[in-house]
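Trainee: Input sequences plus hints: build the corresponding full structure.
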Amino acid sequence: MAHAGLLQKLARIYASVAPENLGKASRVANYKSGVVVIHADNGAVAVKLRQMAPSLANEFSKRGVECNGVQVKVQALEIYQHSQAPTGHPLPAGAGRALTELIENMPDSPLRAAIETFLKRSARAE
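Be aware that the sequence shown starts at 1, since it is given in the numbering used here, and climbs by one per residue.
I should point out that these hints are in silico values taken from the structure, not numbers from a laboratory.
Among the clues, some could well be false.
As the list claims (entries may be wrong) - DEER-style ranges, computed between Cβ atoms:
#1 N42 / M106: 47 to 53 Å
#2 S109 / Q75: 51 to 57 Å
#3 K120 / D41: 16 to 22 Å
#4 P90 / N58: 58 to 64 Å
#5 R121 / E101: 16 to 22 Å
Every residue, glycine too, gets a C-beta built ideally from N, C-alpha and C.
Mentor: Here is the structure:
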């Protein structure tokens, strides 16, 4: 229970000393053996925080936490929508009719085959 309280205190200190844009893209993850562990959402944030590590450690020490250093790790947040089918705009009914009429008057060709495939795959607005 004491460790959880310490982590909350570290999180409050971190929120007050870290630049706002970096604070939103990172969080205090752990504290072990005098080292504050911070998880960054991406590599760019991690690099910036690693550059700031000595000053962050100094700020933690100034505010009463025994801090020998700051360790930064990249720990991306879970992405909920890994792959989502692209949502296309439906083909207007008039355009669908016009393309159908067009291919009726075309000779067999790669263009005609492409338009036929397009019409089969497209969602149509009614």
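Trainee: All the hints need checking, so say for each whether the structure fits it.
Mentor: Hints, one by one, checked against the model:
1. Between N42 and M106 the CB atoms are about 50 Å apart, so this pair conforms to the stated range of 47 to 53 Å.
2. Taking 51 to 57 Å as the suggested C-beta distance range, the pair S109 and Q75 conforms, at roughly 54 Å.
3. The hinted range of 16 to 22 Å is not satisfied by K120 and D41, whose Cβ atoms lie roughly 42 Å apart.
4. For the pair P90 and N58, the supplied restraint of 58 to 64 Å holds, since their beta-carbon distance comes to about 59 Å.
5. For R121 and E101, the hinted distance range of 16 to 22 Å is satisfied, since their beta carbons lie about 19 Å from each other.
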